[in-house]
Amino acid sequence: MKLNFRSFTGKSLRPSPVVKDSPSTVAVVTPWNASQSSAENVIRSFSTLYDQLSQDKDSTQPFQKMVSLSTNENNLRVTCMQINNNVFYQFNQNEIQLGFEIFFAVKTPTEFSFVQVGNPQVYLARKNFPLQLIGQNASLFTDYSNSSFSAPLPHSLLGLFPDLQIHIRSIRLQPEDQIVLLSRTFVPPEFLNCKEISLESLAETLSQDQSSESFWLGQLTF
Numbered sequence: 000m001k002l003n004f005r006s007f008t009g010k011s012l013r014p015s016p017v018v019k020d021s022p023s024t025v026a027v028v029t030p031w032n033a034s035q036s037s038a039e040n041v042i043r044s045f046s047t048l049y050d051q052l053s054q055d056k057d058s059t060q061p062f063q064k065m066v067s068l069s070t071n072e073n074n075l076r077v078t079c080m081q082i083n084n085n086v087f088y089q090f091n092q093n094e095i096q097l098g099f100e101i102f103f104a105v106k107t108p109t110e111f112s113f114v115q116v117g118n119p120q121v122y123l124a125r126k127n128f129p130l131q132l133i134g135q136n137a138s139l140f141t142d143y144s145n146s147s148f149s150a151p152l153p154h155s156l157l158g159l160f161p162d163l164q165i166h167i168r169s170i171r172l173q174p175e176d177q178i179v180l181l182s183r184t185f186v187p188p189e190f191l192n193c194k195e196i197s198l199e200s201l202a203e204t205l206s207q208d209q210s211s212e213s214f215w216l217g218q219l220t221f
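Heads up: the sequence shown runs through residues 0 to 221, numbered per numbering that gives the first Met the number 0.
Treat the hints with care, as some may be off.
Within a straight-line C-alpha distance of at most 25 Å, the following computed SDA-like cross-link-like pairs (lysine to any residue) qualify [said to hold, decoys possible]:
no.: 1; residue 1: Lys19; residue 2: Gln173
no.: 2; residue 1: Lys64; residue 2: Gln135
no.: 3; residue 1: Lys106; residue 2: Gln164
no.: 4; residue 1: Lys106; residue 2: Asn3
no.: 5; residue 1: Lys106; residue 2: Ile170
no.: 6; residue 1: Lys106; residue 2: Gln218
no.: 7; residue 1: Lys19; residue 2: Ser46
no.: 8; residue 1: Lys64; residue 2: Asn3
no.: 9; residue 1: Lys19; residue 2: Ser197
no.: 10; residue 1: Lys106; residue 2: Ser197
no.: 11; residue 1: Lys56; residue 2: Leu68
Using C-beta positions, here's what the derived DEER-type ranges look like [to be verified]:
no.: 12; residue 1: Asn85; residue 2: Glu203; range: 23 to 31 Å
no.: 13; residue 1: Pro161; residue 2: Asn192; range: 26 to 34 Å
no.: 14; residue 1: Ser21; residue 2: Asp57; range: 38 to 46 Å
Honestly, the hints are just simulated from the structure, not real lab data.
For each residue, glycine too, the CB sits at the ideal point set by N, CA and C.
Given only the sequences and the hints, what does the whole structure look like? Please build it.
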């Protein structure tokens with residue numbers, strides 16, 4: 000897998016994510032009130048814990064696996080819950096100090112699986128179809144403001160509490176499928192129906208709509 004990305008800075012302030020990709024995994028971690036090095040530590044933890052689970056299928060874990068999820072999905076879930084515990088008890092147990100939006104994804108020959116907490120939003124780009132939202136709605140702004148100025152307000156953050164709301168999904172990819180990742184409060188209809196799926200065309204569409212709004216955009220190819 001290869002993740003290309005770009006960001007646009009407007010009037011609203013949005014933290015910059017830390018990104019790491021490999022042929023089989025992708026991690027995007029956005030720190031809130033935390034440093035870039037803290038986000039890098041989260042990514043290292045993800046790589047270590049996920050590899051351990053994948054290699055030792057009989058290992059005992061504090062989080063029970065769910066029969067409704069595939070092996071990849073279960074490993075992503077357990078990894079995410081363990082990292083959440085580590086961050087909560089290290090930083091936020093007595094007073095909330097920091098949190099992270101995360102996107103972790105893995106790919107096997109038959110399955111693309113991801114876990115998401117907050118942004119980026121996850122879209123499937125498939126030939127002859129508009130962009131399809133396959134992740135969660137990742138902003139709380141519309142719940143709390145009537146202003147036309149869309150300041151970023153994350154839906155959920157990893158590490159704030161001992162329990163965690165996560166979104167997990169797997170899909171079977173078709174030839175030429177791509178994944179589009181977007182951290183932005185509002186998405187114009189023109190973005191979903193963009194005829195050319197490229198960073199340049201998608202970014203241009205977003206910058207022409209509410210040009211004051213910052214965003215981060217990623218294009219994942221296989």
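Hint check:
{"no.": "1", "hint": "Lys19 - Gln173", "in the structure": "holds, 24 Å"}
{"no.": "2", "hint": "Lys64 - Gln135", "in the structure": "holds, 22 Å"}
{"no.": "3", "hint": "Lys106 - Gln164", "in the structure": "holds, 23 Å"}
{"no.": "4", "hint": "Lys106 - Asn3", "in the structure": "holds, 17 Å"}
{"no.": "5", "hint": "Lys106 - Ile170", "in the structure": "holds, 10 Å"}
{"no.": "6", "hint": "Lys106 - Gln218", "in the structure": "holds, 15 Å"}
{"no.": "7", "hint": "Lys19 - Ser46", "in the structure": "holds, 10 Å"}
{"no.": "8", "hint": "Lys64 - Asn3", "in the structure": "violated, 33 Å"}
{"no.": "9", "hint": "Lys19 - Ser197", "in the structure": "holds, 20 Å"}
{"no.": "10", "hint": "Lys106 - Ser197", "in the structure": "holds, 21 Å"}
{"no.": "11", "hint": "Lys56 - Leu68", "in the structure": "holds, 15 Å"}
{"no.": "12", "hint": "Asn85 - Glu203: 23 to 31 Å", "in the structure": "violated, 40 Å"}
{"no.": "13", "hint": "Pro161 - Asn192: 26 to 34 Å", "in the structure": "violated, 41 Å"}
{"no.": "14", "hint": "Ser21 - Asp57: 38 to 46 Å", "in the structure": "violated, 25 Å"}
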